[in-house]
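Could you put together the complete structure from these sequences and hints?
Protein chains: 4
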Amino acid sequence: MTPSVSMGNNLLKGKRGIIFGALNDASIAWKVAETCVAEGAQIVLTNAPVAARVGQTEALSKQLNAPLIYADVTKMEDLDALVQGSMDQLGGKLDFVLHSVGMGMNVRKKIPYTELNYDYLHQTLDISSMSFHRLMQILWKKDAMVEWGSIVALTYIAAQRVFPDYSEMAEAKALLESVARSFGYHFGKKNHVRVNTISQSPTYTTAGSGVAGFDAFYNYANQMSPLGNASAQSCAEYCAVIFSDYSRMVTMQNLFHDGGFSNTGISPELMENMSNQELRKS
Amino acid sequence: MTPSVSMGNNLLKGKRGIIFGALNDASIAWKVAETCVAEGAQIVLTNAPVAARVGQTEALSKQLNAPLIYADVTKMEDLDALVQGSMDQLGGKLDFVLHSVGMGMNVRKKIPYTELNYDYLHQTLDISSMSFHRLMQILWKKDAMVEWGSIVALTYIAAQRVFPDYSEMAEAKALLESVARSFGYHFGKKNHVRVNTISQSPTYTTAGSGVAGFDAFYNYANQMSPLGNASAQSCAEYCAVIFSDYSRMVTMQNLFHDGGFSNTGISPELMENMSNQELRKS
Amino acid sequence: MTPSVSMGNNLLKGKRGIIFGALNDASIAWKVAETCVAEGAQIVLTNAPVAARVGQTEALSKQLNAPLIYADVTKMEDLDALVQGSMDQLGGKLDFVLHSVGMGMNVRKKIPYTELNYDYLHQTLDISSMSFHRLMQILWKKDAMVEWGSIVALTYIAAQRVFPDYSEMAEAKALLESVARSFGYHFGKKNHVRVNTISQSPTYTTAGSGVAGFDAFYNYANQMSPLGNASAQSCAEYCAVIFSDYSRMVTMQNLFHDGGFSNTGISPELMENMSNQELRKS
Amino acid sequence: MTPSVSMGNNLLKGKRGIIFGALNDASIAWKVAETCVAEGAQIVLTNAPVAARVGQTEALSKQLNAPLIYADVTKMEDLDALVQGSMDQLGGKLDFVLHSVGMGMNVRKKIPYTELNYDYLHQTLDISSMSFHRLMQILWKKDAMVEWGSIVALTYIAAQRVFPDYSEMAEAKALLESVARSFGYHFGKKNHVRVNTISQSPTYTTAGSGVAGFDAFYNYANQMSPLGNASAQSCAEYCAVIFSDYSRMVTMQNLFHDGGFSNTGISPELMENMSNQELRKS
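Protein chains in written order, with the numbering used here: chain A, 11 to 292; chain B, 11 to 292; chain C, 11 to 292; chain D, 11 to 292.
Hints may contain errors.
[Said to hold, decoys possible] Here are some of the chain D residues that sit facing chain A, going by a computed Cβ distance under 10 Å: (1) Pro174; (2) Tyr176; (3) Met234; (4) Gly270; (5) Ile276; (6) Pro278; (7) Met281.
Since the hints were derived computationally from the structure, they do not count as laboratory data. We put the CB at the ideal spot given by N, CA and C, even for glycine.
Rendered as structure tokens:
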């Protein structure tokens, strides 16, 4: 269990930001919201309109005294209203934005990877990846980001390696990371705004834990990571530093926040399991 | 100038394949088709219906005695007919397939990256990337690939690093490479079929050379690559070995065929240019 | 020019650390030392004995009220004395360590890469890379790192891509980064200590600017980086967050701190240079 | 079990090469030697003088009618004599060279990674990695490689990710791969000679299978690789195409020949193991 940071260092003092995707207190975005406020930021929360029914974002909004503006990430006008409303309510341009949005339509419909429905795949990419471009296009057009601002999207290592159950979401995350690099280039040249993705350990969120076999999957990653899996709270703390002025020259990167999983090839615990099995030679 | 391989080694003797995208003799796919036939393969050529007007695929079809079946890569029924027709005409299952398909709708419409139209982006991804999944879904369902078969798609290093003029095609190639990895996993488990992408140097094809500033771009890559840019013909020869039995355990890889560009940080020629410029310090 | 962080956030309040390599006020390590102290840490400075003659580390020692303990990084007994002395003077185990050490013997002797002298190469690796393992072996044996401590070494992208003038130092940095991963695995399992490398932009340090053609090189990187080259001060600020509790689940990573250089393939400024040159086709 | 290529395609007809490291018929290099000769090449075999006692290289020398020249890879004069002797006996410059050399002194002495002896580590690097530079320096000075020749060294994915039992050999392979990139740059500029590393699956060679827990390790990799582990013979076939004219624009690359291991994050077989274990949450 990762110990908690003692908050109140004012890492984000006077900064303004938007946090997408805080559905309930298991959400990474929920922890990011709490952490940013604890670090001195003022934030706006946003979520899909449907979340009004299924989530607790309104409770968080009250807890943090943070305005809540619903927005459908597939609609430019919603994102425009969100960004405009955020600047109006926060009283200025934005210093940071967290994109924590994803939806796998084929996964949800239990359609196997080799039989993907392409209308659903378009929806998956539209919601999970193109939404990030759409958001940045609005931020760009409205000149809504301060000089040296920071934009982060959450991603997963399936963009680099195959985790079969993750299915089409691997494609969505690969696309998301590419959007971060490409738009990061342009936003950097425009006014030094940074764009990065944070590639987080498997996490027991509502989205994550709904996946079939998530427990086994979580356990595997935990055994493979020298520090164990990173918690939602520790991810939030890392987001805070990537939003802060302490990481101003980091951009267009995919930052692994995973307890060392990405660079571990095997763990002795797994080796032990293997040695108890029948040997197969090629 | 890369010297040519002396053909006739029968690398692909008795093998059957489909080659997408041979528009004219500047196309990489054109060279792949010629090379595969020279190496003993029987092939079917395919292209978009519109290519019947603007391309010379029919001439190549005659030259190589290779059936030509038009197919729209956005339509499952076209791909099904293509795969079925190919097996019928070639007399058996397929050993290899080359996907060389791409179209940037926003690029074509001269829409800047920061202002992408999302309907166009959906089309770009549908044609350039999802087409690869669609193709493999058909090959899978029809059980059309032989054991240890090989599927290759052509890609570009913009999937890893930003080349601003390449615009949304960076996203298309990132998605394409992810599809290769994901489907490669499943096809490998199914019947040892390999799926890889080949990341080729900038090449003077009809598609490539139409891009604004392509000459400068080509020149830059040529100076940065210790071996110079790879030609379409040398790419075809590399495709032949990746189709052949000599690379049977290579799968889910992105293979750079670029004269060393990808791992070169700077070249003395570029350094010299820089040293003649005014020094800027941060 | 990157604006400075307003310090005093107590990111490292109550933490103890050792900083290697603060030779003079152009050194990255010099800025790291100042930043860590400003953030509330107590530190020990260390440098090679020869630095007593050529550097200003003693001045920094006075300025920061930080003990200075000379140590030859090629000698276990020196490193043992350094670590013991640091714990004694700081009053406890260590929270963080910065390794900023490098020396290219063949480079210094102006021996071309293709003619490397292997005795010199052994020295280069011994000083620049094996020193990092040696340091961690001492920290490990003496159980000198606190739970969740953080160890960082500075590196350069030549470990991934070829910059010909960087010569054998590319090998030294590749070895250094491998040591970080390997020892990071073990230290993570032992007591959650993190080990990372930070891959910094070219910087006008004494070591850097002595290299032939450094100006051209610096200028090239500056043009290729959307945010420009990262300064020594901004690197120090990034080190501070990687030392802090805010990045506790990040380990075994190579973190690019380079204004976006690593993921930029070409910049329009360079393209413009190219377009004024004669076109060469392969 | 990977099926064998039917040989006799004359991929290497008329080419001359040197093969290091064919100790016995389990060696990858042994298979490379057989394959190259079957493909029409003339070769010289080389091994460490000590191999005369412990290996069967002389038997292979007779079988293939290939001269055997012993050489200590840590001695420039031995490598000079080897290269000169090879050109003399083969009647011309060299088209290809395989470096398959490695020795972990600390591993052999059973010294744990966190307690490495640095004299041994220097020896490990000298034998396993610097030997590759030394070899290329001799080839360069004697102008012994033909235009578009090909040099390959065998490596392992421990250069990228941690496999704890592989210990210091991870560092040796990281250094080896860096040497390939750096010297590859220079050799490419000089006369288009390519330098690559091939990163092979765990293989039951004398060196490999002596490692503690190799069976478990092999089994793990086999389960994680969609195609299973690559055999020594299939590696030999891949070496043949990288030596051939069919891959002339591929240089400075690390080529994974591993059945898909490198890009697979988890396999269902492993997932199943995990699901039978107690769940641990961070």
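Identify every previously stated hint that the structure contradicts and give their numbers, smallest first. none
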